[in-house]
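Residues per chain are reported as follows:
Protein chains: 2
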Amino acid sequence: MSSPLLYVGLDVGGTTMKAAVVDDLGKTFPSATLPTEASKGQEHGLNQMCATIRRAITAAGKTAKDIAAIGVATPGTMDIPAGIILDPPNLKPWQNVPVRDYISTTFGLPTAFQNDANAAAFGEYWVGAGRDVKSMVMFTLGTGIGGGVILHDKVLEGQHSHGAEVGHMKIDLGKTRQCGCGRWGCLEAFASATAIVKRAHEAVADVSGKSILKDLLNTTDEELPAKVVFQAADRGDEIARKVVDETAFCLAVGAMNMMHIVDPDMVVFAGGMIAAGEPFLNQIKHYIRELAFPVPAERTIVRYAALGTDAGFIGAAACARELVGKR
Amino acid sequence: MSSPLLYVGLDVGGTTMKAAVVDDLGKTFPSATLPTEASKGQEHGLNQMCATIRRAITAAGKTAKDIAAIGVATPGTMDIPAGIILDPPNLKPWQNVPVRDYISTTFGLPTAFQNDANAAAFGEYWVGAGRDVKSMVMFTLGTGIGGGVILHDKVLEGQHSHGAEVGHMKIDLGKTRQCGCGRWGCLEAFASATAIVKRAHEAVADVSGKSILKDLLNTTDEELPAKVVFQAADRGDEIARKVVDETAFCLAVGAMNMMHIVDPDMVVFAGGMIAAGEPFLNQIKHYIRELAFPVPAERTIVRYAALGTDAGFIGAAACARELVGKR
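Chain order of the listed sequences is G and S. Positions 1 to 327 (our numbering) are the ones given, in order, by the first sequence. Positions 1 to 327 (our numbering) are the ones given, in order, by the second sequence.
Chain G on its own, in the form it takes in the complex (with noise of 0.2 Å):
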């Protein structure tokens, strides 16, 4: 009787990669995690890679004999199908940096490359939030918004590796919010968590008296206080009230046009702004029943992700998984 199958998943970020033994089932082994450091060239990111896919690999009792497939994650830009970043904001100085082929040669095993927030999206998919549906939609809310849109068992790429880029869709045509992107009225510039901590200082720039919002924006020392934003709601602060109320609205309207026009059966949030809770998904659903068609508003889940942040390795353990079983 032959040993079921296991892949690796290394998810790599600005900061740190992380990576873990996943079986055939989405069971992860324990994970290894190393620093990035982009900042000392693409050749020291390869080795990193390198070297977390073996401590995950060591951290599961296993050898590299044992495994069937790699799968690696990372940010963009990137062309998808060569396996390769081009040009990535925040991985810099990288440039055109072959990750598939480069991991593959040195392990001598098949080896898939996805950007990273579709990998998560697939990670939820498969074993996750969307572990029962057949489509699905993904926003993964933090310091930008990111996206993945799965259709019947495969990440929606795009045909030059945009797909799912959901963050970057115009929802207002006033320059009234400028994107990190440099576009204006993306639904990233409206809802990210960068987004909500900027609204809330510009809505308390303009109150003179006691302020419970002010107060804690004021004191925190995190780096990107959005969790402080919701905080303040909690205990009833107004302004802190209106913020998060906008954001589930504009978030709202990236849902409906995903449902307007992809019509998945699930949109899932995803990301650390997902802390807030309950009460702000149900905030986003209220406006996506007030805005979508009927049958969408009625029919579609709407839920929080499942995985947190293990769902990037896991997805990208789902796209080795594919590439083994494509073949």
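Hint data in this document are derived by calculation from the structure and do not stem from the laboratory. Glycine is no exception: its CB is placed at the ideal position from the N, C-alpha and C atoms. Be careful, since some hints might not be right.
[Unchecked claim] A few chain S residues that face chain G, going by a derived Cβ cut-off under 7 Å, partial list only:
(1) SER135
(2) GLU165
(3) ASP172
(4) ASP265
(5) HIS286
[Unchecked claim] Simulated DEER-style distance windows between Cβ atoms:
(6) S:LEU224 to G:THR220: 54 to 64 Å
(7) G:LYS65 to S:ILE301: 40 to 50 Å
(8) S:THR176 to G:ARG289: 50 to 60 Å
(9) S:ILE301 to G:PRO4: 42 to 52 Å
(10) G:GLN95 to S:GLU223: 55 to 65 Å
(11) S:CYS181 to G:VAL133: 19 to 29 Å
(12) G:GLY325 to S:GLY180: 42 to 52 Å
(13) G:VAL133 to S:GLY180: 26 to 36 Å
(14) G:GLY325 to S:GLU223: 50 to 60 Å
(15) S:ALA64 to G:THR105: 52 to 62 Å
(16) S:THR176 to G:ASN218: 35 to 45 Å
(17) S:HIS44 to G:ARG131: 39 to 49 Å
[Said to hold, decoys possible] Straight line, CA to CA, 27 Å or less: simulated DSSO-like cross-link-like pairs of lysine-lysine:
(18) S:LYS175 to G:LYS285
(19) G:LYS134 to S:LYS154
(20) S:LYS134 to G:LYS134
(21) S:LYS198 to G:LYS175
(22) S:LYS175 to G:LYS175
(23) G:LYS175 to S:LYS62
(24) G:LYS154 to S:LYS198
(25) S:LYS175 to G:LYS242
Place chain S on chain G using the hints.
Same frame as chain G, now just chain S:
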């Protein structure tokens, strides 16, 4: 030697329905047209569909025995997998009409059922503007804005038959433009033929002096004189030019959003409004290059549809062809 497979494609519209025999290469035989007469009820409508199909077969010099499959495209709302028109705003008072099964039973032939805008996009993908690409997004610009998304030979129907409702993506947060659907800020409310005419009327209402646009709008007897706005723009009317320019910008926003979500090989514009010709397309392209991410902005092909009003029945035939291929 067996003769090539033949299909009948039927495109049901609010006013008329049109059918033709189409061969396996997309070549069409002479078409047949009958009035839809929705007000006479759905029994009558189903009979008209069958009559139009019969006439098309006769017009091709064939008999039903020569036909491999039938494809029917209708306006929504609908349940595509069930083959049923549900509650179509343009075919009142029809409700829950089992189109596919009725036609399939009547002719004893495999019958495909599809949304009309999806079918038109599939027709263009098969033998029209998109014949050489692998993925395509189409915007059909008429009284409303319809759409179709084709990904690797498949129509993106969506989980609730609401896929590719691109006219109802929200591109503005303000309550500036209300859509025919009742929602605010839909692409359709900014950039359909109806929207152009509305904008033009608004714009000339403020003009006291001479205006080519005003004169043309006042003297035309066209029901929806979008054409007149483009004519005035061609003749140098500044107000008309501004209306046309704003329309091109909004369509570029719609295209860009699809390029950042679906990231297709090609974006196609279709429908009556493309009579405006190349200058209008060039304006749209200009704004797409300005708005979209560099790679899709440079590489995505943007063009007008090639099949005119035949796209619907050709696409319906393409759906019939898929059906036989799948068996």
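Query raised in the report: Which of the numbered hints are not met once you compare them with the structure shown?
Result: When the structure is compared with the hints, numbers 5, 8, 23, 24 turn out to be violated.
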